[in-house]
Amino acid sequence: MPGNAGTEQTTTVIIGTGLSGLAVAAELRRRGIDSIVVDGLDSFGAAPPAVTTSLQRIDAPDSATLQERTEIMRHLRNYAASHDVDVRSTTRAVHLAKVEEGQADASGPFWEVHTPTGVLRANHIVLTRCAQSQLRRMLNDFGIAVGRNLAAAMRAIGIYLVGVGELITPSPKEVLRQAKTVGHAISAKVNPDSVAFPATGSLAMLTC
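Residue numbers for the sequence shown follow UniProt numbering, beginning at 1 and rising by one.
The reader is advised that the hints may include incorrect statements.
[To be verified] Derived Cβ-Cβ restraints for the label pairs, each shown as a range:
| id | residue 1 | residue 2 | range |
| --- | --- | --- | --- |
| 1 | T7 | R148 | 22 to 28 Å |
| 2 | R148 | S82 | 27 to 33 Å |
| 3 | Q9 | G40 | 19 to 25 Å |
| 4 | I144 | D62 | 33 to 39 Å |
| 5 | Q9 | S63 | 38 to 44 Å |
| 6 | M73 | D141 | 32 to 38 Å |
| 7 | S63 | K189 | 37 to 43 Å |
| 8 | S63 | D34 | 32 to 38 Å |
| 9 | R137 | T181 | 21 to 27 Å |
| 10 | M73 | Q134 | 24 to 30 Å |
| 11 | A131 | Q67 | 22 to 28 Å |
| 12 | G6 | A151 | 30 to 36 Å |
Derived by calculation from the structure, the hints in this document are not laboratory data. We treat Cβ as the ideally placed atom computed from N, Cα and C, and that holds for glycine.
Please take these sequences and the hints and turn them into a complete structure.
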């Protein structure tokens with residue numbers, strides 16, 4: 001991103017540069033969907049507030065899970081590097097805002113991710129490190145009825161959740177499964193007439 005504040009447009013912004021974020025980015029890249037991966041997220045709303053609250057979660061996996069996560073992360077980082085996935089580990093998302101209907105074109109974008117160096121506009125957002133209680137409050141702030149199925153309510157407005165759990169942190173294999181599901185859902189919206197890409201290479205082995 002340029003050093004001065006500017007606006008970039010992409011299909012998907014993935015917030016979180018850990019396992020969940022890289023897994024989704026790799027899945028989208030494999031399906032030919034462009035994305036930008038950034039770190040962190042402080043707040044939701046219509047305009048950046050003066051004071052924000054961190055939404056990051058701290059997980060403490062056991063040694064076996066940590067080893068599995070480390071190995072999968074190694075594969076994902078290698079994939080990202082060799083396939084030019086746009087991962088911006090030093091760029092932090094500080095605010096997520098919904099674009100008003102009058103400001104969006106026929107296909108979007110519907111969301112703006114504010115960072116210290118500019119704004120990323122996208123049709124789809126993937127969140128990887130937010131508590132469900134905070135997401136419910138966000139939907140309430142937007143005047144959206146949540147109901148029992150939080151993930152469905154989020155998908156309806158172009159936000160997808162990967163690796164987000166209320167009480168139990170999903171296992172690495174579960175994260176990969178969620179990433180594949182989200183990748184398919186976004187691909188189906190971007191290219192509704194396309195045929196699904198077969199899983200190949202190291203990622204295919206990881207998701208088996």
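Against the structure, the hints:
1. T7 / R148: 22 to 28 Å: violated, 36 Å
2. R148 / S82: 27 to 33 Å: Hint violated: Cβ distance 41 Å, outside 27 to 33 Å.
3. Q9 / G40: 19 to 25 Å: holds, 21 Å
4. I144 / D62: 33 to 39 Å: Holds, since I144 and D62 (Cβ atoms, about 37 Å apart) stay within the stated range.
5. Q9 / S63: 38 to 44 Å: Roughly 43 Å apart at Cβ, these two residues keep to the hinted range, so it holds.
6. M73 / D141: 32 to 38 Å: Taking Cβ atoms as reference, M73 and D141 lie about 33 Å apart, which means the hint holds.
7. S63 / K189: 37 to 43 Å: Taking Cβ atoms as reference, S63 and K189 lie about 39 Å apart, which means the hint holds.
8. S63 / D34: 32 to 38 Å: Roughly 37 Å apart at Cβ, these two residues keep to the hinted range, so it holds.
9. R137 / T181: 21 to 27 Å: At 25 Å between Cβs, range holds.
10. M73 / Q134: 24 to 30 Å: holds, 25 Å
11. A131 / Q67: 22 to 28 Å: Since A131 and Q67 have Cβ atoms about 26 Å apart, the given range 22 to 28 Å holds.
12. G6 / A151: 30 to 36 Å: Cβ of G6 to Cβ of A151: about 32 Å, so the range 30 to 36 Å holds.
Checked against the numbered hints above, the structure violates hints 1, 2; every other hint is satisfied.
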